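Novice: Residues per chain are reported as follows:
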Amino acid sequence: MPSAGADPAAFRAGVADLADLGLDEGGHLLIERGLDRLAPGGRLAVTGRHPALAVHLAAWCRAYGHRLDSAESPLVIVKGSTGRQRWSGAERAGSAAGPPAARADPRWGLAARGALVEAGGPPIGAHWSEREHVWADIAPKLYAAAAAAQWDPATAVDWTAAIDAVPPAIERAVVQVMTYLVENEQAALIIPARLLAQLHPHYREVMQLLATQAADEARHVEVFTRRGLLSGGPLGTSSAGGRASLATLLNEPDFTTASFLLSVLGEGTFLDLLRFLHAHAPDPVTADVTRLALRDEARHVAFGVAHTAHLTASDPAYLGMLRQSVERRHAALQDTAGLNAEVFDSLVLLAAGSWHPAAIRRGWQSVRDLAARMDEGRRRRLAAIGFPDDEAAELSALHTRNFM
Amino acid sequence: MGGVLLGAVAYDPKVVTIWDGFRSWLRDSGGLDFDYVLYSNYERQVSDLVDGRIDVAWNSPLAWVRARRLATARGVPLTPITMRDTDCDLRSVVVVRADSPVTALADLADRVVATGAVDSPQATLLPLSLLRSVGLTPGTDVRVRRFDIGVGLHGDHIGGEREAARALFAADPADRVDAACLIDSNLLLFGREGVLPAGAVRVLAQTPPYDHCTMTAGPSASVSSAGPWAGPDDALPSANGDVGDISDTSDISRFGDLLLGMDYADASLRPLLDLEGLKEWRPPRLSGYEQLERAVDEAGFYAADGAITADGYRP
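Sequence order for the protein chains is A and B. Going by our numbering, the letters in the first sequence line up with residues 7 to 410, in that order. Going by our numbering, the letters in the second sequence line up with residues -16 to 298, in that order.
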């Protein structure tokens, strides 16, 4: 293929020679190439052998705001000014190389970051268009990691592994926990998807990361559902209190607060839960699905912590807003049961592994230890985003009993 | 009632976008009390213009011809306001297949020529007039296969032209035509779309240049100092001697000035101008309609008084 520009015969200043090329086969490219080098009012001679060249050229010039100065050979185009007018108010949508802009102009719409944007066109109705309210410097790296770590539920889990050896009561506990996990992961899917829909696409890496987060949760919903149904029985129960707890997450309108409640506190707490389930998994499928989900959730937590810390570093007063959000959620859930009692009992039974009283005692203690680890993790993350230790302890204690 | 009421023909859904957008701009940026109504066809729009039910009409060239005839017959004035840059110096072409033995218009004798809709100036009336100019009477010396799509829209709907172009290459010989009539811009468009394969057609003949749409003010906005054409006896008052409300007139004048002042660099207007197919509005000229006047007479499309006399024309 000849390289562009290696055709001096076809182009010299002030002349566009189309040879036998018609304007119905792309001939306008050669004409525009010639016109590009002229100022409005400049003249371009067009030569060529296409039989309809003059007819085509008259129509083309009219449509594109140029004047055809002669209908006979040589055909001469007088360049119009509309091309320049079209781009007169254009501006770059930030810088492709640099960091995203502090404020994304709604008029940039869906344009790629760094693109030259023609003025006009519909503004994008994005709620989140300020960098401080959505950004974390680690977002590009987390997105790259997320893209590299996508797994296929069909092959990443050995669905043929035997679960026959799992005692029926333990299997029922697994099914109950899976039922609970699906409900929580559905909330965790909807929240980033909703934030994504309100985010200015100028913050591309955050948009991409939220998209992978939603895709992660879609897989989690799939594998937990599949494990829950693997033994052929019905799924477990869904408690009103658990759903009430999740509803408070869905109702949070602010980007950072939603990210904080979901990822820092909820998914952060879930990291310990998934580790616990992996450790006490009675079968390889349960071990696989919890391990895979854990890996994804760790990225979600990392972004939530990094973003919240990014905002509170520039606006320490925001810590007060976050504190209020925890207190508000606690107050809203005060009169609900919180965690489904059947989920709690299932966790005890899973850790116990049998109905033997001594085993139950061990299981009970394991779940108490889990709650302590969850609390410790929350306090650590709250401290990382700027809360003093005492306040972190206080807020951690107010976290929903439903874990998420 | 003051202000300007414009009539436009809804030949495409985009007409609503265009005139809604212009309406907002004329009212908000221009401070003009402007509104518009849409018509399903040009004939009713022209009648309403001449009857004074609307102040201005966005007229096709054929609508201008009829409006002029009706106004002359009634002794009421019309005032051309403006036209688009893209309305000036159009040509229609008669094309044949590249390998056709036909090399001159006269060779089309006893052959089949495809045209657009009955009321298309560019794809029917003007090219058939071109045939007459070489002594071929359509329907007698040449067979005409008309593609009546969007009748009443004066060819604004290009479906008829597209079907005429396709008929050059119809698979069934019984459906195939020897020549097709198109406007120059659609020759290019259909070539780029692939409806006419590259190199597959030859331009047999083309009309002299003519002009297309024109914005016309009717008698409701008349004054003695009306524009370049104001009726058969120069500037005419309306039949009852009423020269109209002076505020209306200044509104029409302001409307024309606002259109002429529309700037393609204005990002709020540019999408509308792109949709309407222009880069700038220009002062009107009436020199480009003689060809069509002649074609209308030859075809017996309208009578001298503007009555519709075309056979089988049901807009």
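If you are wondering where the hints come from, they were derived from the structure by calculation, not from laboratory data. One or more of the hints may lead you astray.
To give an idea of the chain A side of the interface with chain B (calculated C-beta under 8 Å), a few residues [said to hold, decoys possible]:
{"hint": "1", "residue": "E31"}
{"hint": "2", "residue": "A64"}
{"hint": "3", "residue": "A65"}
{"hint": "4", "residue": "W66"}
{"hint": "5", "residue": "R68"}
{"hint": "6", "residue": "G95"}
{"hint": "7", "residue": "S245"}
Computed footprint of chain B on chain A; a stretch qualifies when at least three of its residues, placed anywhere within it, have a C-beta under 8 Å from a C-beta of chain B [what the hints assert, rightly or not]:
{"hint": "8", "region": "50 to 61"}
{"hint": "9", "region": "85 to 92"}
{"hint": "10", "region": "122 to 136"}
Ranges between beta-carbon positions, derived for each pair [said to hold, decoys possible]:
{"hint": "11", "chain 1": "A", "residue 1": "P259", "chain 2": "B", "residue 2": "D34", "range": "50 to 60 Å"}
{"hint": "12", "chain 1": "B", "residue 1": "D34", "chain 2": "A", "residue 2": "V21", "range": "38 to 48 Å"}
{"hint": "13", "chain 1": "A", "residue 1": "G20", "chain 2": "B", "residue 2": "G182", "range": "55 to 65 Å"}
{"hint": "14", "chain 1": "A", "residue 1": "V21", "chain 2": "B", "residue 2": "S116", "range": "31 to 41 Å"}
{"hint": "15", "chain 1": "A", "residue 1": "G48", "chain 2": "B", "residue 2": "V20", "range": "39 to 49 Å"}
{"hint": "16", "chain 1": "A", "residue 1": "G48", "chain 2": "B", "residue 2": "R128", "range": "38 to 48 Å"}
{"hint": "17", "chain 1": "B", "residue 1": "D34", "chain 2": "A", "residue 2": "G120", "range": "49 to 59 Å"}
{"hint": "18", "chain 1": "B", "residue 1": "G118", "chain 2": "A", "residue 2": "P46", "range": "42 to 52 Å"}
{"hint": "19", "chain 1": "B", "residue 1": "L21", "chain 2": "A", "residue 2": "A160", "range": "35 to 45 Å"}
{"hint": "20", "chain 1": "B", "residue 1": "A154", "chain 2": "A", "residue 2": "R98", "range": "33 to 43 Å"}
{"hint": "21", "chain 1": "B", "residue 1": "G118", "chain 2": "A", "residue 2": "V21", "range": "17 to 27 Å"}
Computed from a prediction, not measured in an experiment: that's the story for all the values here. Note that beta-carbon positions come from the ideal geometry of N, C-alpha and C, so glycine has one too.
Novice: CB of D34 (chain B) to CB of G120 (chain A), is that within 49 to 59 Å?
Specialist: Given range 49 to 59 Å: holds, Cβ gap about 57 Å.
Novice: Falls inside 42 to 52 Å, the C-beta gap from G118 (chain B) to P46 (chain A)?
Specialist: Taking Cβ atoms as reference, G118 (chain B) and P46 (chain A) lie about 46 Å apart, which means the hint holds.
Novice: Three residues minimum, CB to CB under 8 Å: does the region 122 to 136 of chain A make the cut for coverage by chain B? Let me know.
Specialist: Our answer is that it holds, as 4 residues pass the Cβ test (under 8 Å) against chain B, meeting three.
Novice: Quick check on a hinted range of 17 to 27 Å for G118 (chain B) and V21 (chain A), using CB atoms only.
Specialist: With a Cβ separation near 41 Å, G118 (chain B) and V21 (chain A) fall outside 17 to 27 Å, so the hint is violated.
Novice: Okay, G48 (chain A) versus V20 (chain B) on CB: inside 39 to 49 Å?
Specialist: holds (44 Å)
Novice: Given a cut of 8 Å on the nearest C-beta pair, is the interface hint for R68 (chain A) held or broken against chain B?
Specialist: holds (5 Å)
Novice: Are three or more residues of the region 50 to 61 of chain A within 8 Å, CB to CB, of chain B?
Specialist: n = 3 at 8 Å, threshold three: holds.
Novice: Tell me if G95 (chain A) is really an interface residue toward chain B, meaning its C-beta lies closer than 8 Å to one of theirs.
Specialist: Given a least distance of 5 Å, the restraint on G95 (chain A) holds.
Novice: Can you take a look at whether the region 85 to 92 of chain A is actually covered by chain B? Rule is 3+ residues, C-beta closer than 8 Å.
Specialist: This one holds; 4 residues, not fewer than the three required, reach chain B with a Cβ under 8 Å.
Novice: Take the C-beta atom of A154 (chain B) and the C-beta atom of R98 (chain A), compute their distance, and say whether it sits inside 33 to 43 Å.
Specialist: Distance hint for A154 (chain B), R98 (chain A) is violated at roughly 52 Å.
Novice: Hold the hint about S245 (chain A) up to the distance rule: shortest CB distance to chain B must be less than 8 Å.
Specialist: violated (52 Å)
Novice: Please check whether W66 (chain A) passes as an interface residue: C-beta within 8 Å of a C-beta belonging to chain B.
Specialist: holds (6 Å)
Consistency note: the structure conflicts with the earlier hints numbered 7, 12, 13, 19, 20 and 21.
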